[in-house]
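Counting in this note's numbering, the sequence shown runs from -7 upward without gaps.
Keep in mind that the hints were calculated from the coordinates and are not lab data.
Certain hints may be false.
[Stated by the list, open to error] Derived pair list, reagent style DSS-like, types lysine-lysine, alpha-carbon separation capped at 27 Å:
#, residue 1, residue 2
1, Lys274, Lys124
2, Lys(-6), Lys124
3, Lys274, Lys(-2)
4, Lys219, Lys198
5, Lys(-6), Lys274
[Claimed, not checked] Derived CB-CB ranges, DEER-like:
#, residue 1, residue 2, range
6, Ser109, Arg172, 15 to 21 Å
7, Trp123, Arg172, 17 to 23 Å
8, Thr200, Val228, 32 to 38 Å
9, Pro168, Arg80, 17 to 23 Å
10, Asp43, Ser148, 46 to 52 Å
Just so you know, even glycine gets a beta-carbon here, dropped at the ideal spot from N, CA and C.
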Amino acid sequence: MKWPLKSSPVPRDQLPLYNLMYLHAPGIENADSTILWGTEIDATGLQDWLDVCRSDSPVLISTSHVLLQATAQALAQHPHLNRRVVGRRVFAFRNINLRLAFQNPAHGGVDVVLVRSAEKCSLQQIASLVWKTLLLAHRGGADIERDRRRMRSLPSWGFHWLLALYRWLDRHWALPTVGRLDDLRCSAVLVNDLSFRNAPPMRCYKPTRFPDESISINITLGPMEEKVVVRDGQPVAGTVAPLFVRVDHRIIDAYQLGRFLATLRELLQHPAQMDALAATHKLSTAESSMQRTDASLGDRSRKTA
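I would like the entire structure built from these sequences, with the hints used as guidance.
Right, here's the structure in full:
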C-alpha cells in the first residue's frame, strides 16, 4: 500500500481566487474547467540530439523518451502543477511520476506505462524502462495483464457499478494505491507522443477528460513536418512539431500554464541539458536523505545521553 498524495492539502490561501471559484462551483460536473494551450517547437535540435543518443546509447532512444524526460524536468521547475483535486481540496503528489500512453500490439488497444521519480532518471534509464514494459506487454507477460483480463471479463453491469464506486471514492478521499491497476493514480500527468510513422500533420488536438480525476495534465506531441521558419531574420526550411498541453483550471491558471509550457518547449528544443538536470535532482535527493539520517542519529544520541 502506497500513499501517492501528501497527507495535507494545499492551504486555501495559496490557491488563487479564480481557481477556488472553479473548485467550489456548484455543478462542477457540468462546468468546463479545462485549459488547452497549443504551440510549436523547433524540432531541429531534438532531431540532432536523437541522432547523437542513438549512436552512443545501448538502447534505442525515441521521441517519447525525450518527451518524458522534458516533462519531468519541467514539472521539477514548476512543482505547483504536480497536483490533483480531491473533493473540494487540492493535494500535491509526493513524487514526480509520469504516465505514457502507448498502443499495445498484442490487442491493438492503448495501455499505459508508469515512470516513477522521472526527474531523477537519465534518458537511457527512461528508455530502458519503457522498452522493457513494451516488450512485456507485447508478449502478454506483464503481471498487470492478468488484472486487465479480469476487469474485461466482468459483466457490463458489474463493470459499471465497480467503476462508479471506485470513481466516487477516488473523487472524495485521498486514497492509497493497493493494486497494480490503481497504481497509475500516483501520477498527475499523461504523456502522448503522436509523432508515429505516417501520422498526418496535426493542426488541432483536444485531449479528452479521463474519468480518473488524478490526471490533471495531458501533454501531447504531434508529428514533425517541414515548414518555412524565420532564423536570424531570414526564412529557411526547418522542422517543427506541434505541442499541446491540457490542464485543470481548478489547479492552475493560464499564466502558470504559459510559463510551464515555455519551459517544456525550451527543454525539447535544447534536450542536451536534461541529463545534467536529472543528475542534480538525484544528488539533491541523496543529500537530503543523508541529512535526515544524520538528524535522526543525532536525536538518538541525545536521547541516549
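Okay, the hints, checked on the actual structure:
1. For the hint pairing Lys274 with Lys124, the CA-to-CA distance comes to about 22 Å; that is within 27 Å, so the pair holds.
2. Between Lys(-6) and Lys124, the direct Cα distance comes to roughly 23 Å. Compliance with the 27 Å bound is thereby established for this hinted pair.
3. Of the supplied pair hints, the one linking Lys274 and Lys(-2) holds, its CA atoms being roughly 20 Å apart against a limit of 27 Å.
4. Between Lys219 and Lys198 the CA atoms are separated by roughly 23 Å; this keeps the pair inside 27 Å, and the hint holds.
5. Using a Cα cut-off of 27 Å, the hinted pair Lys(-6) and Lys274 holds, with the two alpha carbons roughly 21 Å apart.
6. Between Ser109 and Arg172 the Cβ separation comes to about 18 Å, which falls inside the hinted range of 15 to 21 Å.
7. Separated by about 20 Å at the C-beta atoms, Trp123 and Arg172 satisfy the suggested range of 17 to 23 Å.
8. Restraint check, Thr200 to Val228: a C-beta distance of roughly 37 Å satisfies the suggested window 32 to 38 Å.
9. Checked against the given bound of 17 to 23 Å, the beta carbons of Pro168 and Arg80, roughly 20 Å apart, stay inside it.
10. Distance hint check: the CB atoms of Asp43 and Ser148 are about 49 Å apart, consistent with the given range 46 to 52 Å.
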